[in-house]
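Enquirer: Residue strings, one per chain:
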Amino acid sequence: QQQVKQSPQSLIVQKGGISIINCAYENTAFDYFPWYQQFPGKGPALLIAIRPDVSEKKEGRFTISFNKSAKQFSLHIMDSQPGDSATYFCAASIGVIKAAGNKLTFGGGTRVLVKP
Amino acid sequence: DAGVTQSPTHLIKTRGQHVTLRCSPISGHKSVSWYQQVLGQGPQFIFQYYEKEERGRGNFPDRFSARQFPNYSSELNVNALLLGDSALYLCASSQAWESRGQFFGPGTRLTVL
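Note that the protein sequences, when read in sequence, are chains C and D. For reference, each letter of the first sequence is one residue, going 2 to 117 in the working numbering. For reference, each letter of the second sequence is one residue, going 3 to 115 in the working numbering.
A couple of the hints might just be wrong.
DSBU-like mimics (lysine-lysine), calculated; alpha carbons at most 30 Å apart, straight line [to be verified]:
| id | chain 1 | residue 1 | chain 2 | residue 2 |
| --- | --- | --- | --- | --- |
| 1 | C | Lys116 | C | Lys69 |
| 2 | D | Lys32 | C | Lys43 |
| 3 | C | Lys116 | D | Lys54 |
| 4 | C | Lys16 | C | Lys6 |
| 5 | D | Lys54 | C | Lys58 |
| 6 | C | Lys69 | C | Lys59 |
| 7 | C | Lys43 | D | Lys54 |
| 8 | C | Lys16 | C | Lys59 |
I should point out that these hints are in silico values taken from the structure, not numbers from a laboratory.
Take these sequences, add in the hints, and give me the full structure.
Expert: Set out below in structure tokens:
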């Protein structure tokens, strides 16, 4: 059962443009929403994360927008650069439940290509 | 500071064989989680270990097992390999079992022929 749905599967953006990736979740128990960036042949790297009591979080050129009522969150990459070309994953986890650990549930990924 | 390290980098096995993958967490991190990432998909949670105890298990068959050692390093074992086990196996470490931030290693690419 896919609990986190991510779209689009891929996107192409010109250098300097804005990349927008959307995720929707089903389980209202999720309370931590990180985004990971993965380059080919590498493991995912934590980019930015948000909790549901915050509607927006910005770190450099990366911004997460969170809509709790719609159970949706998105990643905006401002001033996209060729070096941002990678696969981006949204994820979610539930607060501490002893039987569940802190496992991350990932979306399917979005392949971003930034053209120079 | 060294990040999460995993070995080997690549591995080729045949169906029915057994494989052991190894992970060393970031210094000071006591929790290790294992994920399976099939090509073109997001990682899927397999196990979490903390203080040598299993703290979470994903929806994987009993052919998958793991353990954590006193130095917090971990092994993932897969028995009776199937073609469908071909994937990138990722290890993630966190400071404690309830810590939200998880940091991933480069993964072990397993190919089952």
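Enquirer: Taking the hints in turn, state whether each one holds.
Expert: Results for each hint:
no.	hint	verdict
1	C:Lys116 - C:Lys69	violated (33 Å)
2	D:Lys32 - C:Lys43	holds (22 Å)
3	C:Lys116 - D:Lys54	violated (47 Å)
4	C:Lys16 - C:Lys6	holds (27 Å)
5	D:Lys54 - C:Lys58	violated (35 Å)
6	C:Lys69 - C:Lys59	holds (17 Å)
7	C:Lys43 - D:Lys54	holds (27 Å)
8	C:Lys16 - C:Lys59	holds (20 Å)
Hints 1, 3, 5 from the list above are not met by this structure, while the remaining hints are.
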